[in-house]
Amino acid sequence: MCMTSSQLLRIVILLGTARKGAVSAAVARALAQAVQDSAGDAKVELVSVADHLKASRTIPAWQEDDKEAHPSSWCEVAREADAFIFVLPEYNHGYPGEWKLLIDSCGEEYARKPVTVCGVSAGVFGGRALADNVKPVLVELKMVPTRNNMYIGKAHEVVSPNGEWNLSPQEVERLIGLARDELFELARGLRPLRNVS
38 MCMTSSQLLR IVILLGTARK GAVSAAVARA LAQAVQDSAG DAKVELVSVA
88 DHLKASRTIP AWQEDDKEAH PSSWCEVARE ADAFIFVLPE YNHGYPGEWK
138 LLIDSCGEEY ARKPVTVCGV SAGVFGGRAL ADNVKPVLVE LKMVPTRNNM
188 YIGKAHEVVS PNGEWNLSPQ EVERLIGLAR DELFELARGL RPLRNVS
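Under our numbering, think of the first position of the sequence shown as 38, with each following residue one higher.
Worth flagging that the hints you see were computed from the coordinates, not collected in a lab. Keep in mind the model is a prediction, meaning the values are calculated, not measured.
Ranges between beta-carbon positions, derived for each pair:
#1 A159 / L215: 22 to 30 Å
#2 K179 / E201: 33 to 41 Å
#3 S197 / R56: 16 to 24 Å
Note that the Cβ used here is the ideal one computed from N, Cα and C, for glycine as well.
Construct all of the structure, not just a fragment, from the sequences and the given hints.
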């Protein structure tokens, strides 16, 4: 059966750091390719906070007096998405400030949409503390976090600088498979609850 573009799930992978040379960017590229390769009825789009963030301060969705600085292009991406994967490097057990600035710029665009956190770290735990810290933010935004997350530890060894996995396909599947499958299932199941044109 052929799916029309309006029937395809739209999965947005957001690189949550704007730091130049971040290994998280290579992880995001490798992840986007792996998710797209197994997507079936989904279209994967990779975007970065650097593409959308215009100000180094919080511009909330309800603030009407700073239209020039508001990242409205991100809000449009979020509005059209069916699900999200946030690729976030762990900084001192937390998330990057620029990710939080961007996320806080929208509101209802996130409601009833599933999200998976892909924690990235140089250490062995792959951002587990970050995933715990970010969950209350996602819930407050009315998002539906997956139970499973993706943890990419020793990221500089796991992916090459050009965004290729240094792992076998089976190892990649073990890293991302459970969370990816849960995200897709929730995206399909929650779709009727959202206004989709």
